[in-house]
Amino acid sequence: MDPLKMIAANCPQGSAAYEILVEHSSLVAQKALAVARNVSHLKPDMDFIYEAAMLHDIGIIMTHTPELGCTGALPYICHGYTGRAILENAGLARHGQVCERHVGVGITMEDIRSGKLTIPLRDMTPQTLEEQIICYADKFYSKNGHRHPILEKSAEEIVLGLSPYGQDKVDRFISWHRQFEGPESIESTQG
233 MDPLKMIAAN
243 CPQGSAAYEI
253 LVEHSSLVAQ
263 KALAVARNVS
273 HLKPDMDFIY
283 EAAMLHDIGI
293 IMTHTPELGC
303 TGALPYICHG
313 YTGRAILENA
323 GLARHGQVCE
333 RHVGVGITME
343 DIRSGKLTIP
353 LRDMTPQTLE
363 EQIICYADKF
373 YSKNGHRHPI
383 LEKSAEEIVL
393 GLSPYGQDKV
403 DRFISWHRQF
413 EGPESIESTQ
423 G
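If you use the working numbering, the sequence shown corresponds to residues 233 to 423, in order.
Heads up, a few of these hints could be off.
What the hints assert, rightly or not - Cβ-Cβ distance ranges computed for the label pairs, FRET-style: (1) 342 with 393: 31 to 41 Å; (2) 407 with 245: 12 to 22 Å; (3) 384 with 415: 12 to 22 Å; (4) 279 with 397: 14 to 24 Å; (5) 342 with 247: 35 to 45 Å; (6) 299 with 245: 31 to 41 Å.
Read the hints as simulated data drawn from the structure, not as lab findings.
Yeah, the Cβ is synthetic: ideal placement off N, Cα and C, and Gly gets one too.
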């Protein structure tokens, strides 16, 4: 399966959305593969990680996010579950789970209820090692239609960005950071 062909089948090549999506996804895939190599003893599926990392944001094309070149009708929060639907329809259900479960550090049913989010009421948190690795890697790169090249965020910047969403989100990221980068790598993010 060629992720670039799948992206091109859903997003016109040469469009701003295509360029932003491919740039962001390529960076996330590189980071995810590096992380997976750090935990090779856990035997992550490297081919799947590459493919799913490249496709994790395919649902953005269904959203109304003009700064990313996306002219769909849905709010950005919907890109996870719409990406899942796109990939499930293409016979890529496992890849689709990554789409749905990568938003933030995952979205719980309580997050959906309390935030009155306009997404299906189901657990959308990363469950597998591969889902966790891709979700983690995604936090280091923001899609931005105006800033090139996309710069990697520090763990400290990510923690600061997650803080308004609750300590549980910060704790989940820190737990992944320790697991994937080593316990000594997180000390400066703990205030």
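Here's how the hints hold up against the structure:
At roughly 20 Å, the beta-carbon separation of residue 342 and residue 393 lies outside the given 31 to 41 Å, and the hint is violated. Distance hint for residue 407 and residue 245: a CB-CB separation of about 38 Å, inconsistent with the stated range 12 to 22 Å. Remark: the range hint 12 to 22 Å for residue 384 to residue 415 is upheld by a beta-carbon distance near 21 Å. Between residue 279 and residue 397 the C-beta distance comes to about 32 Å, which lies outside the given range of 14 to 24 Å.
A beta carbon spacing of about 37 Å between residue 342 and residue 247 agrees with the range 35 to 45 Å that was offered as a hint. Separated by about 20 Å at the C-beta atoms, residue 299 and residue 245 break the suggested range of 31 to 41 Å.
Violated hints for the displayed structure, listed by number in ascending order: 1, 2, 4 and 6.
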